[in-house]
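For the protein sequence lines, the chains are G and Z, in the order given. The working numbering puts the first residue of the first sequence at 8, with every later residue one more than the last. The working numbering puts the first residue of the second sequence at 8, with every later residue one more than the last.
Since the hints were made in silico from the structure, they are not lab data.
Since copy identity is lost for identical chains, a pair holds within one copy or between any two.
Below, computed lysine to any residue pairings styled on SDA-like, alpha-carbon distance capped at 20 angstroms:
#, residue 1, residue 2
1, K207, A159
2, K207, D115
3, K173, A159
4, K86, L139
5, K119, R142
Keep in mind the model is a prediction, meaning the values are calculated, not measured.
Number of protein chains: 2
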Amino acid sequence: MKALVLGGDGFCGWPSSLHLAANGYEVLIVDNLSRRLISEKISTPSLTPIRSIERRIEAAQKIGNIRFAYCDIAKDPGKFKEILVNFQADIVVHFAEQRSAPYSMLGDAERKYTVDNNITGTNNLFSTLTELNQRPHVVHLGTMGVYGYNDAFGEIPEGYLNITVKQTQKDVTIPYPVNPGSIYHMTKCLDHTIMQFYAKNWGFQITDLHQGIVWGTDTDITSTDEDLINRFDYDGEYGTVLNRLVVQSQVGYPMTVYGTGGQSRAFIHIQDTARCVLLAAENPPEESSRVQVFNQISEVHTVRHLAQMLHDQTGAEIAYQDNPRREPAENNLRVSNAGLCSLGFEPITLADNLTKDILATVSKYEHRLDRSVIDSRARW
Amino acid sequence: MKALVLGGDGFCGWPSSLHLAANGYEVLIVDNLSRRLISEKISTPSLTPIRSIERRIEAAQKIGNIRFAYCDIAKDPGKFKEILVNFQADIVVHFAEQRSAPYSMLGDAERKYTVDNNITGTNNLFSTLTELNQRPHVVHLGTMGVYGYNDAFGEIPEGYLNITVKQTQKDVTIPYPVNPGSIYHMTKCLDHTIMQFYAKNWGFQITDLHQGIVWGTDTDITSTDEDLINRFDYDGEYGTVLNRLVVQSQVGYPMTVYGTGGQSRAFIHIQDTARCVLLAAENPPEESSRVQVFNQISEVHTVRHLAQMLHDQTGAEIAYQDNPRREPAENNLRVSNAGLCSLGFEPITLADNLTKDILATVSKYEHRLDRSVIDSRARW
Numbered sequence: 008m009k010a011l012v013l014g015g016d017g018f019c020g021w022p023s024s025l026h027l028a029a030n031g032y033e034v035l036i037v038d039n040l041s042r043r044l045i046s047e048k049i050s051t052p053s054l055t056p057i058r059s060i061e062r063r064i065e066a067a068q069k070i071g072n073i074r075f076a077y078c079d080i081a082k083d084p085g086k087f088k089e090i091l092v093n094f095q096a097d098i099v100v101h102f103a104e105q106r107s108a109p110y111s112m113l114g115d116a117e118r119k120y121t122v123d124n125n126i127t128g129t130n131n132l133f134s135t136l137t138e139l140n141q142r143p144h145v146v147h148l149g150t151m152g153v154y155g156y157n158d159a160f161g162e163i164p165e166g167y168l169n170i171t172v173k174q175t176q177k178d179v180t181i182p183y184p185v186n187p188g189s190i191y192h193m194t195k196c197l198d199h200t201i202m203q204f205y206a207k208n209w210g211f212q213i214t215d216l217h218q219g220i221v222w223g224t225d226t227d228i229t230s231t232d233e234d235l236i237n238r239f240d241y242d243g244e245y246g247t248v249l250n251r252l253v254v255q256s257q258v259g260y261p262m263t264v265y266g267t268g269g270q271s272r273a274f275i276h277i278q279d280t281a282r283c284v285l286l287a288a289e290n291p292p293e294e295s296s297r298v299q300v301f302n303q304i305s306e307v308h309t310v311r312h313l314a315q316m317l318h319d320q321t322g323a324e325i326a327y328q329d330n331p332r333r334e335p336a337e338n339n340l341r342v343s344n345a346g347l348c349s350l351g352f353e354p355i356t357l358a359d360n361l362t363k364d365i366l367a368t369v370s371k372y373e374h375r376l377d378r379s380v381i382d383s384r385a386r387w
Numbered sequence: 008m009k010a011l012v013l014g015g016d017g018f019c020g021w022p023s024s025l026h027l028a029a030n031g032y033e034v035l036i037v038d039n040l041s042r043r044l045i046s047e048k049i050s051t052p053s054l055t056p057i058r059s060i061e062r063r064i065e066a067a068q069k070i071g072n073i074r075f076a077y078c079d080i081a082k083d084p085g086k087f088k089e090i091l092v093n094f095q096a097d098i099v100v101h102f103a104e105q106r107s108a109p110y111s112m113l114g115d116a117e118r119k120y121t122v123d124n125n126i127t128g129t130n131n132l133f134s135t136l137t138e139l140n141q142r143p144h145v146v147h148l149g150t151m152g153v154y155g156y157n158d159a160f161g162e163i164p165e166g167y168l169n170i171t172v173k174q175t176q177k178d179v180t181i182p183y184p185v186n187p188g189s190i191y192h193m194t195k196c197l198d199h200t201i202m203q204f205y206a207k208n209w210g211f212q213i214t215d216l217h218q219g220i221v222w223g224t225d226t227d228i229t230s231t232d233e234d235l236i237n238r239f240d241y242d243g244e245y246g247t248v249l250n251r252l253v254v255q256s257q258v259g260y261p262m263t264v265y266g267t268g269g270q271s272r273a274f275i276h277i278q279d280t281a282r283c284v285l286l287a288a289e290n291p292p293e294e295s296s297r298v299q300v301f302n303q304i305s306e307v308h309t310v311r312h313l314a315q316m317l318h319d320q321t322g323a324e325i326a327y328q329d330n331p332r333r334e335p336a337e338n339n340l341r342v343s344n345a346g347l348c349s350l351g352f353e354p355i356t357l358a359d360n361l362t363k364d365i366l367a368t369v370s371k372y373e374h375r376l377d378r379s380v381i382d383s384r385a386r387w
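If we strip away everything but chain G, and leave its shape as in the complex, we get:
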């Protein structure tokens, strides 16, 4: 089986590509290396010394069959088409999007880049596959952030909501009403509408993985060889909240919590991202007329709870700051992850005490750390 991984050089893409290769897939990574370029542009390199893509691929040969092709799928649809023609993928995993909410809210250029890159890339993928009459199972990385946080909807189901229409009193199931919290999240809502149309009109099998906030850095594969090491972002734009708090607690920087820290969010460990992507890839939807949605999450916590946990472990102080984002100060969050669990997913949780692995990584590479980039510059 052949798996094309778009954006396979990134934080989630790289360990997922390795996991697919280790499980017997012939993997071709397509990436424009934009994550590395943005890193340089905003001066926030990975804490871990990630290797060049060439060195990564060389080291990965002992894991499985894995190759790399440089291509910007949004800006170079011609080259992308050639890749699709030549590879004949059974599965396409689509990570090739600008994935930071704060980055997407920095300003005009970042808003435009995020929309143009993400939407054009997604549409180019499906339009070209339609043209070529190829129908691989497409697995798209979405986000829990498409749902918004509305208590009236109850536990967040997997992509679809059962409702009664008031004026007709008829019961129907609808795609969950979207309520994005940033330009980045908005693009994932747009992606979903695009995919629903391609599924309905051209019979694509598509799975949208609405992923929680990823924490951790290495997986059982990336930790076997320094040349396979995964990136670790701790800056205010690309560092995800738990990883940032761990870094702060390790280096004696007060842990930044926005507002009251009462924001409930869903979390998942990077190892589980890789496992879930494989699980999803192997289980396409039975009906191709609508997109299959899984909530790719392991557990729900408030940000305050995470900070408190790290305070208890390390003694680090918590610094409550005015929230730079427009979001409710406190919210309840209940989320179903029944789909992936029914396929055999057994989540790693914070109770498994893997934060000590992150602390060890931070300690090992602390000499590379730049404290000035920890705070976010985005305001919305």
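Given the coordinates of chain G, assemble chain Z onto it according to the supplied hints.
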């Protein structure tokens, strides 16, 4: 008051621009003349001999204050920003989108062009206005096609649906679940999600006009001077259904009806488009946290009924064809247009017998007609 009309050289944009100017607005049309270029590319010129934009603008000086700036708002955001800085619009009317459903379904290039042009254009508009801290009332031309045709939802309300969430039994109002029927309609759904986010996060006043199928060609202004004449499309891609049927009935070409002709659609005369755009522009939403939606329609008919009406008037035959589109063969359609009516909109209907004006126009320019372009080439 200053009105910026994006796409003001097109079929709806031109008469709307004139109507705004005639009602005292200082109008600046921004257009990349793409409609004229596509016309040339697919060899389907307007039946009416429309004038160059320069000659149009010159002739329009007797109507009011109206100017033109050439700009592609999707591809040249830098120039577009300069225009926004210099003009300081009170109102922006956004017609600047590829507006043909069949064209958007012709193939790979047309799918990509429609998405890139429409989405990037819309996001460029709002992102740049955000950057400039300008908050004009933005009136966007949407389409009835965003709603899809689902009898379970009852009469189509204006943009929002009242529901009861099954699992919580709570009553909430949600944006109407979208169900586009083509790539073009899909882009209008994406536009709506984009606008909802900009309204929520940056406090824009936005009105989305979900317009029915436009028929007719001239308005009380465009008919006063040959140099102001509006375009008239009768080809399978850009000709709207009633106008195409009128052309066919006039030239002895059997009237093409897809499937059973049982498709119910909402219609509006081009004169009313211009009137409604003005009405909407003058009535921004009171709350800026969500988009105001009006259904810009006058009446609902089946395609079969329209063909029968023209048959009765002209004796022309009806040719039923296999439907090249994926859509229900028959559907009921009830649509609210309460919003615009409450603002004073009094619709022109087919009962006003304006099809004879179209017949007169077709007769006058019949020597320019190319019968080979009447059939649509799009299949979906």
